[in-house]
Each structure stands twice: as structure tokens, then as C-alpha cells.
Amino acid sequence: VDALEDATPHIAQIFARHKDRSPAPYLTAPQAVDRARHLAKVNGVWDDLDANLGPSRDIPVIKRSVFRNYRRVGDRTLPEAKAGYRRRELERAATALWLGHPKADVDYLQDLLWAYCDDYTWVMAAHEGRAIDLGSAALGATFAEILHLLGDHLEDEVKERVSAEIERRIFQNFWNYKHFDSWKTVRMNWNHVCNGEVIRAALYQITDPSLLAHFTHAAIQNLTYALDGFTDDGGCEEGPGYWAYGFGHFLYVAHALYLKTD
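According to this note's numbering, the sequence shown is numbered sequentially starting from 1.
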């Protein structure tokens, strides 16, 4: 694109040419699901679903007192443990339905999704005050991916409500000029994780090529700030764990964009 031209229409044209492409064909193709089912039986995932997926269990509510534990005493382990349990249940329920496991229960998956829509916030207790954080960005992308993969199994009421909450909690907050989140342009892992997961959610949820281009272009530009944070030898000031976490999400979203646009 010429330096004086507006890049967004060009990006919209690319999205329009590939409107029917999935950003995750490795999850949607029937042969990919067959291979995943085979691997699940080899690597223990199938047995884990047999032993630990419990559609009859009550879905835990993230109680206010649990969420407030961090603000009150600075302990984040209690709210994160409760959130982690529910996240594992969501992952098992979605995986079972995706693989066609005998214990798959679409109502349990829908109940879990509905419970997340009821939550006071998707932001982690330790990050309260931000419009979007690492946790909420990841949840938004996860919910969008579930709708993309399993939407044909879900009732319209559930799909519509989950989509509305992704729009309200993620997309609208991303553009909310009154609620500034510094991760958009920082040179550390939050940039790649949050911008990357917001882009992935958009690739699944936004179907209009012009709107998708307008939304993703800004977040893609933001990713370059975190790339500037790496030293000439590729090192990361935050250490190898955050290098893998942050740059891993950069690769994840880059791969999704490539698969979507060819």
C-alpha cells in the first residue's frame, strides 16, 4: 500500500476475498477432528473426559466475597482457583462435544456459557479497574472460538447472548476512549496477549469485511510496540516464561490472520 493511501480498505478487500475462510481450519475440518479424536485416545484426553467431565455438577458462582479476597487481603489464589475450576469445566465440556465423546452434554456447555454471561466481570480480581485484561481477552476469544466450532449444536438464545456479551465486554471496551488500558501499546507480554486475543475474537465474530478491517487494523498496529520491546538478540526483559507467553500469543494471532486471509 502506498504510504499516502488508507490501508484499511485494502485490508477489507483481503477479508472480503476470503470471507468464507476460517481462522482455525485445523479445528473445523472433519479430518482434523478425526485426527484429534485419535490423538485424544492416545494422549489421555479421552480418559480425562471419561473420569472428570461431570455434566450433573453444579456450576460454581464466583461469589463477591471470593472475588473481593484480593482487594481485601491481597490474595489472588482464592478467586483464581474458583475461576480456574470453571474454566476447566468449560474446556472439558467444549472438547467433549467437539470430539463427539459419549459424555458430551450440550446443555452443560450452554449452562456454563450462560453462567459466564451472568458474571459481574470477566476481568480477573487482581486486575480489577481495567476494561480488558489478560483473563477477559482470553475468555472472549475462547467463547468466540466455541461459537465458531460448535454453534450448530447450540441454541440461538445462547449464541445470541454470548455474542452480545463479547460485543459489550470486549469489542466496545476496546474502543472506549474513557477507559484507557495501557496494554494496547506497552512493550511487554500484556500487549501481545490482549491485542492478540481481541483480534482472534474479532476474526470469529465480525463478518462484515469493512468492519473487521477497521477493528483489526488498529490492534495489529498495537502489536508492533511489543515487538519493539525485544532486544537485538531476541531476548525479552521479562524472562523466558513471559517470552513464550507473550510472543506465543503473537504467533497464535499471526497464524489465525494468515489462515483467514491466505
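Quick caveat, the hints were computed from the structure, so don't treat them as lab data.
All C-beta atoms, glycine included, are put in the ideal place defined by N, C-alpha and C.
Warning: the hint list may mix true and false statements.
Cross-link-like lysine-lysine pairs, in silico, BS3-like; alpha carbons within 27 Å at most [unchecked claim]:
1. Lys63 - Lys82
2. Lys41 - Lys19
3. Lys103 - Lys41
4. Lys103 - Lys19
5. Lys19 - Lys159
6. Lys159 - Lys82
7. Lys63 - Lys159
Label-pair distances were calculated between CB atoms; the ranges are [said to hold, decoys possible]:
8. Asp47 - Thr231: 29 to 35 Å
9. Tyr177 - Asp228: 19 to 25 Å
10. Arg35 - Glu5: 39 to 45 Å
11. Ser210 - Arg35: 19 to 25 Å
12. Pro30 - Asp105: 29 to 35 Å
13. Ser210 - Val42: 22 to 28 Å
14. Gly84 - Asp105: 16 to 22 Å
15. Asp105 - Leu211: 40 to 46 Å
16. Asp58 - Ser182: 36 to 42 Å
17. Gly84 - Asn176: 25 to 31 Å
18. Tyr85 - Leu39: 39 to 45 Å
19. Pro102 - Gly248: 28 to 34 Å
20. Ala36 - Arg68: 37 to 43 Å
Each hint, compared with the structure:
no. : hint                        : in the structure
1   : Lys63 - Lys82               : 9 Å, holds
2   : Lys41 - Lys19               : 34 Å, violated
3   : Lys103 - Lys41              : 14 Å, holds
4   : Lys103 - Lys19              : 34 Å, violated
5   : Lys19 - Lys159              : 20 Å, holds
6   : Lys159 - Lys82              : 25 Å, holds
7   : Lys63 - Lys159              : 25 Å, holds
8   : Asp47 - Thr231: 29 to 35 Å  : 44 Å, violated
9   : Tyr177 - Asp228: 19 to 25 Å : 24 Å, holds
10  : Arg35 - Glu5: 39 to 45 Å    : 43 Å, holds
11  : Ser210 - Arg35: 19 to 25 Å  : 36 Å, violated
12  : Pro30 - Asp105: 29 to 35 Å  : 22 Å, violated
13  : Ser210 - Val42: 22 to 28 Å  : 44 Å, violated
14  : Gly84 - Asp105: 16 to 22 Å  : 21 Å, holds
15  : Asp105 - Leu211: 40 to 46 Å : 35 Å, violated
16  : Asp58 - Ser182: 36 to 42 Å  : 38 Å, holds
17  : Gly84 - Asn176: 25 to 31 Å  : 28 Å, holds
18  : Tyr85 - Leu39: 39 to 45 Å   : 25 Å, violated
19  : Pro102 - Gly248: 28 to 34 Å : 33 Å, holds
20  : Ala36 - Arg68: 37 to 43 Å   : 40 Å, holds
When held up to the earlier numbered hints, the structure conflicts with 2, 4, 8, 11, 12, 13, 15 and 18 and fits the remainder.
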